[in-house]
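Colleague: Mind docking chain P on chain L? Use the hints.
Sequence order for the protein chains is L and P. Note that the numbering used here gives residue 257 to position 257 of the first sequence, counting from 1, and the numbers run on in steps of one. Note that the numbering used here gives residue 280 to position 280 of the second sequence, counting from 1, and the numbers run on in steps of one.
Treat the hints loosely; a few may be bogus.
Unchecked claim - Capping the alpha-carbon separation at 30 Å, the derived lysine-lysine pairs in DSBU-like fashion look like this:
hint, chain 1, residue 1, chain 2, residue 2
1, L, K121, P, K96
2, L, K228, L, K217
3, P, K96, L, K149
4, P, K170, L, K149
Hints in this document: simulated from the structure, not taken from any laboratory.
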Amino acid sequence: MAESPGAEKREESPILWVARPMATAARQFARSLWRPSTIVYPYERLEDPKFREKLEVKSGKPFGVGDIWDNYRGVHALNIETCISCNLCAFSCPDICIEMVTVAGGDPKHPKKCPEIDYGKCSFCGFCSDACPEGCLTMTTRYEITTPKRQEMVFSPERMYEIFRSKLPMNPIRLARPENEDQILLDPPLCIGCNACARDCPTQCITMLDIPKPEAKPGEKLPRRIWKEPVVNDSDCVRCGTCISVCPKECLFWGTRK
Amino acid sequence: MSSATLYSVSYDLVHAILAAIGSVLPYPGNVWITNPDLITGLAVLVFGAILLVATMLNTILLIWWERKLLGRFMDRRAAMHVGFAGLLQNFADGFKLFHKSTVKPREADTLGYLSGPTAYMVASLLIFGILPISSGWNSGALPLTLLLALAVFSFAPLFIFVSAWSSNNKYSLMGGMRSAAQMIAYEVPLLLAVVAVVIVAGSFDLTTIVYEQQNYWFWGPLFLALIVFVAAMLAEMERIPFDLPEAEAELVEGWNTEYGGMLFAFFMFTDYLRALIGSILVVLLFLGGWTMPSWVPAAATSFPLAGIVWLMVKTYIVFALFVWVRASLPRVRTDQLLRVGWNRMIPLALLSIFLAAVLVTVRCLPAFGCIPSLGT
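Excised from the complex, chain L in its bound form (with noise of 0.2 Å):
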C-alpha cells in the first residue's frame, strides 16, 4: 500500500468505488445527525454577546471572548450634544451615504444638522470618523445591523445618539482629531463683505471687521459692497470649508499664511 499506492488502487473491486464513499457518507450522517457543525448564526452564536458590555480596552488588542478588535469599525456612535454640523463627515464620505439632516436643539434660523448614515451603502471605511473635527463621530465595536427591512438600515442621528450613550467601546485611534495646518484666507479685493461666510460658520470663528472706505477720486466709481472683511480666528477654526463653500464671490481659499 505505501510503496505504490495508484497500483492497487486500479486492482480494487468496483464495489467499493460504491461502497467507499457510501460508508464515508453513512458515517458523515451519523456525525452530523446529534449536532452539525453549521452553527444557527442569529439563535446561537460563538461569542458571548455579553463582552461588548465591557469598557476597558486595550488600543490593539483583541478583548473578550469573540475577539473583536477595539479598533474595529463598526456602527458609528453620534455625540448630538458636541456635533457643530460642519458637513466634514458628509463632505469625506467616499460612498455618499452621510446626509445631514436637521436635529432639534437649533434655532430656526440655522437648524442645527447631524450625520444620518445609510449603511446599505456604507463601507465602513471610517473617513468621516477621521474627519471629525470634535470626535463626536466615531465608530463602535457593533457590526449586527442586519434587518429584513431596507429603511432600517438608516440610522438616524438619534439612533446613533443611543448608541452614544450605551457606551460600547470607541475606536480609539479614530477619537483623534486631524492635525490640520491650513488656513482659511482672504483674497481681499474680490469680497463684497456680505457676511455669508460669518453666518455658517460651524464654529462661529469668523467675525466681520470694518475697513476703511477709500475716497472716491473723481472719474472713478467704487465698488459696490459692504466695507467689511472676515477675520478668522485660526485656534478656533476647525478647517470645515464651509466659508469657503457659501462665499458668492470664491475669495475665500486654503493656503498658509507666510
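Modeller: Chain P alone, transformed into the frame defined by chain L:
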C-alpha cells in the same frame, strides 16, 4: 382490513351530500340531483381530487425529506425557518414559482414547449390512480396493474424529448437526447427485474404481489433483482449518480434549461413525483407493501389507515436510500452509464430471473419459509 375502497368512500360521501341537498329541493330538482350517473361522475371527481391532493402533499413532503436528509449528509441543517422544522419551505418556494412569469424563447415551438411539462406531469400523476397504497385504496382492481403502471411510467422520455427539442436550445436538446438514451437503456433491466418478481408472485396485479409476500418479503430471496431494480430506477428517476440529462456542470440545466416559473415547477414536481412512484414500487414489489411481518404486534398494524402509514414509512425509508446514494456517489460518464446498463444490468437481471425460476421450482427456502400457493 376494511373492504371499503377509496372510490366507494368517495361515492358514499357524494351520495350522502346529494341526498341531503335533494331532501330540501322541490320535486323536479330532488329527482334530478340524486341521478346515479351524476353521483358516479362526481364521485370520480372527488376520488381524483383526493388522490391529487394526497399525491401533491406527499411529493412536497418528499422534497422536504430529501432536503433535510441531504443537509445532514452535508453536515448542515436544511430548511428550518418556515413552519415547523421547515415543513412549509417548499410551499413558499412553490408560491414563488407561481408568481413568476413564463418566458418562452422566441424561436421555441409553442405547442411542444407548453404541452411538454404538462404532459410529463399528467403522465406521472396517472400512475397514482393505479398504485394500491393500501388494501382499501385500489380502485380499479385491474389484473395487470403492474404492467400498466410501468407502461405509463415509461411515457416520460417522450415528453422530455418533446419539451427539450421544442425549447430550441442546444443544451436542452443534448439533455433530451441523453435522457431518451438513458431511459430507454434502463427500461430493459427495470422490466427484467420486475419479471423475476412476477415469476415468483405469479401475478401482474400489485395487490396480489403484496399478498404473495405474507410469508417473507421478496427482497431477501430476490436480492439481485432488488439491486437491479433500484439501480435502474435511479436511472429512470435521473437522480444523481445517473443525472446526466441535467448535468449542471456540462449542460446548463439539461432538458429544462429554457423553462422557468410554473413550467419549471412542473418539471421539478414531476421529478419528485417519479421518485415517489419509484420508491412506492420498490416497497410494493420487494418490501411487502402495506403488510408487516407477523412478529410486529397487532396493535401496530390494526389501527385505522395502518396500511397507508406503514407503506409511507417504508417508502420514505427507501427514498432515504436514494438520498444516501445521491449524497455519496459522483456522476458517471455517458459511456460508463450505457456500458453498465447494457453489459452489467441486463445479465444480472437475467440471472435474477433464473434465480426466481429456481425459487419457484424449489418453493421452500430454509431461512425464509415457503412461498404461498401460486395464483394460478
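Colleague: So which of the earlier hints does this model not fit?
Modeller: Violated hint: only 4; rest satisfied.
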